[in-house]
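Top to bottom, those sequences are chains A and Z. Quick note: the first sequence, position 572, residue 572 per the working numbering, numbers continuous. Quick note: the second sequence, position 122, residue 122 per the working numbering, numbers continuous.
Heads up, a few of these hints could be off.
Computed, partial: chain Z to chain A, Cβ under 10 Å [claimed, not checked]:
1) Asp-92
2) Pro-94
3) Pro-104
4) His-108
5) Lys-139
6) His-162
Worth flagging that the hints you see were computed from the coordinates, not collected in a lab. Since this is a predicted model, take the numbers as computed values, not measurements. Where a beta carbon is used, it is the ideal one built from N, C-alpha and C, also for glycine.
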Amino acid sequence: MKTVSAHTLSRRQFLKTSGAVVVSFAMPPVILGSQPGAAGAAAAETVPDPARLDSWLAVGEDGSVTVFTGMLELGMGVATAYAQIVAEELDVPVRSVSLIMGDTARTPDQAGIGGSRAVSTGARPLRNAAAEARRVLLDLASARLGAPADQLTIRDGVVRRADDATKTASFGELIGGRHFDVTLKTSGEGSTLDVAGSARPKSPDQYTIVGQPVPRIDIPDKATGRFTYIVDVRVPGMLHGRVIRPAPPGARLLAAEGAQALPGSVKVVRKGNFLGVVADTEWDAIQAARNLKVTWSPSEVSWPPMADLYRVMWSMPARLRRVMAEVGDVDAALAKAARTIEARYDWPFLSHAMMGPSCAVADVRDGGATIWSGTQHPHQLREGLAELLNLPPGNVRIIWVEGSGSYGRSGSDDAAADAALLSQTVGRPVRVQWMRADETGWDPKGPPVVTAVRAGLDDQGNVVAWDYVARDFTGRGVPPEAARAGNFLAAHLIGLAADSIDEPPNLQEAYTFPNKRRVGEVVPWPQEASPLRTGFLRAPSQPGTTFGAESFVDELAAALRVDPVEFRLRYLQDPRAIAVIQAAAQKAGWISRPSPRKGVSPSGLATGRGIAYAPRGNTRLATIAEVEVNQATGQVHITRLVIAHDCGLIVNPDGLRGTIEANLIQSTSWALKEEVQFDRSGVTSVDWATYPILRTPDAPDTLDIVLINHPDMPPSGAGEPASVATAPAIANAIYDATGARLRTAPLTPARVTEALLRRA
Amino acid sequence: MSSDPIDGKSGGRAALAPAIPGWAAPLRLTVNGTAHTVRSSPETPLLYVLRDELQLHGPRFGCGLGQCGACTVHLGGVAVRSCSIPVSAVGDQPVTTLEGLGSPDHPHPVQQAFIEEQAMQCGYCINGWIMTAAALLDKTPHPGDAEIRTALSGLICRCGAHMRILRAVRRAAARGG
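Work out the full structure: start from the sequences and follow the hints.
Pasting the structure below:
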């Protein structure tokens with residue numbers, strides 16, 4: 001068998017060789033076969049037409065099934081879930097399904113991944129295409145086996161006559177290596193793209209593969225070093241590049257000298273204030289980037305001092321104010337209330353801080369470009385890079401290769417732009433991987449969120465009004481963010497203007513207060529060539545707004561001396577919301593009593609528990625934290641986390657548990673440790689020492705997950721929701737333990753100590 | 001030393017002899033049982049030799065500062081950070097990478113435990129955890145939970161797979177490493 005890389009085969013080549021080639025999800029192509037001059041030729045193919053069944057699915061001569069999808073795996077088990085969904089509809093074993101993901105020449109445009117939609121909306125066209133493929137295969141088998149389709153059964157990719165099990169036809173025999181040539185009806189586009197054939201997909205009560213804890217298909221290779229990440233991509237003739245960012249941010253590049261003295265035939269690439277080096281080896285490139293003598297102009301950053309950030313955010317006039325929801329007359333109810341309570345909460349800038357700094361390989365030559373990237377939006381990246389490189393989009397091909405977990409708009413797209421500019425200039429393929437300081441220092445940041453909540457109470461202690469306002473920054477980079485060159489850091493450095501996108505923060509809550517209002521506001525923030533430009537980070541802005549809302553709900557419960565679980569249940573009608581709160585409370589052994597606990601000692605170790613509830617889209621979750629607070633040091637240790645989680649139909653319960661668990665741990669890290677540091681010289685949190693995150697000693701002692709399955713409901717997404725309620729659950733637990741209320745994240749020992757001192 | 005050097009405190013770049021200027025003799029390296037002649041300059045960190053010259057995927061660049069552990073390899077059986085060791089400092093000590101520890105068909109017991117516990121999200125960091133845990137269990141076959149947490153405290157997992165990772169290490173330990 002010829003060793004052909006799944007990453008570079010064109011669709012046409014793929015079908016020609018299909019059956020002879022095993023296209024596996026994690027094939028280890030040590031060297032990708034890119035020939036000189038192949039970049040343009042490979043890119044000449046257009047994005048596959050979603051209306052063709054063949055654009056979604058192919059059956060090899062050996063019966064293996066290959067699925068083509070514009071969606072991607074970010075390390076949460078999506079590929080395995082897709083394999084299950086397709087195997088279910090086709091009646092083939094999961095192991096016979098492999099996936100080609102995120103290749104603009106071979107996969108339909110599904111607008112990439114984000115918003116927890118991989119399984120919710122992203123899987124729908126795959127399921128429907130697979131159902132239609134099954135119908136076609138049954139028709140073909142019917143003709144070959146001489147029996148009507150309803151007299152046939154399928155098992156493990158083999159069709160049998162019900163009345164004579166010796167009469168069989170395998171999928172490979174029926175269509176292996178050939179096109180289906182079937183047209184599908186399409187609806188929606190991008191993230192809502194769906195297709196339908198004349199077949200109906202199975203109903204969930206028929207499922208035997210969906211719903212099972214199938215082990216992830218990528219893990220054995222990952223555990224043994226056989227997996228190919230974006231950082232492992234190598235193409236012949238490839239050089240290594242590194243970038244050098246303006247210091248301080250906003251500075252103009254005046255001079256870059258001394259390249260001749262550096263080893264490795266270093267080429268210096270200058271375009272405006274974009275500066276990079278290209279060398280034969282990676283180490284030479286790293287050394288060159290460190291040792292090049294670079295002179296930058298003096299520059300003043302335009303942002304406020306870090307200590308003033310939240311005050312400034314409230315003081316600026318809003319560029320946009322959006323009333324997300326309004327019930328009753330909030331102002332009148334507040335005016336008439338017997339008592340009002342209000343509080344403000346602050347959520348800091350966060351770095352995506354990817355484990356593996358952003359990486360891309362670009363081959364820009366002969367009027368075409370092929371770019372391998374860990375992007376979350378390959379088809380949109382194609383548009384943006386075409387604009388940046390001044391090439392027709394049809395001549396640009398993006399091949400997604402899995403990177404490290406990215407959690408949103410990390411630096412991946414920017415690294416692709418860096419590699420593309422360097423390759424275009426030197427006329428050879430160039431691999432760029434950012435250094436740690438490039439990633440943590442310069443990745444787009446999750447924006448800070450400030451939240452203000454005001455409630456009115458009547459004289460019986462009922463909540464009669466709820467006024468909930470949150471602010472964040474312009475330019476959160478809504479998809480299709482990478483579709484414009486102006487969204488790349490490199491583009492800003494060569495003088496292109498950034499897109500300014502006003503997307504107000506996401507405020508979600510579901511309490512049945514008779515008068516309530518949710519308002520999102522956007523305030524301006526400089527985005528161009530800035531290490532504090534902002535982009536989507538997991539569950540964009542909702543961890544900040546939910547920190548405000550769910551801390552405040554707890555403050556209301558405490559003011560009224562009501563148990564926090566009971567208080568929430570009083571104001572919820574959604575049965576799924578009630579169910580997750582009750583399930584979490586039951587699992588945690590929650591004892592009903594108001595917070596703070598009785599007889600809090602002002603010193604020593606204090607223990608407490610806190611709950612937070614959140615909807616996100618159509619997913620519901622309740623998180624309970626149990627904490628131990630050292631009142632001498634302010635250290636908080638999480639002894640236990642409990643979550644009850646309802647995301648509709650569960651495709652793979654073990655994969656789902658892994659994703660929820662990781663969401664909880666990452667958000668515990670946000671809650672306790674993470675905050676981007678900056679001063680007039682730029683971002684100063686640039687590595688794991690200056691941007692510390694959770695490590696094993698900080699992990700909870702135990703973590704319990706209660707899954708609530710709804711086979712009757714479509715899956716509603718799990719990639720983000722479990723991250724939104726952790727910080728308020730912990731803050732509420734600290735309050736329960738100590739009577740000290742923290743309203744600014746992260747809940748660091750210094751802030752805990754300060755809150756303990758402030759405590760009445 | 002039960003774990004690898006962090007921040008150069010107990011080893012790493014600071015503790016190692018500088019490369020000899022002008023040294024041009026070809027370096028030899030034994031990796032996963034195979035001898036190799038290395039073209040890279042002597043001061044090149046071992047990580048780049050393993051990845052770029054020997055095309056290995058197990059050790060990965062995470063920080064280049066010895067802070068995260070993604071580049072961990074075994075040097076003479078000890079878990080070390082290959083981003084912070086010049087290749088010239090390796091000498092005769094055999095290097096083992098994640099690939100050399102075991103394969104999908106014949107995984108090392110620690111790899112097997114990580115597979116059974118499905119103990120990763122993206123898996124980019126997992127090299128460091130498996131290599132460090134394997135070195136730990138080699139010296140301390142039955143560590144307690146606190147001992148495991150401390151031994152692994154020099155590693156970063158950004159996705160947050162810590163609970164499953166700890167379960168996997170406990171599982172491997174229960175089987176005697």
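Cross-check of the supplied hints:
| no. | hint | in the structure |
| --- | --- | --- |
| 1 | Asp-92 | violated, 23 Å |
| 2 | Pro-94 | violated, 16 Å |
| 3 | Pro-104 | holds, 4 Å |
| 4 | His-108 | holds, 8 Å |
| 5 | Lys-139 | violated, 18 Å |
| 6 | His-162 | holds, 4 Å |
The structure fails to meet hints 1, 2 and 5 from the earlier list, while all remaining hints are met.
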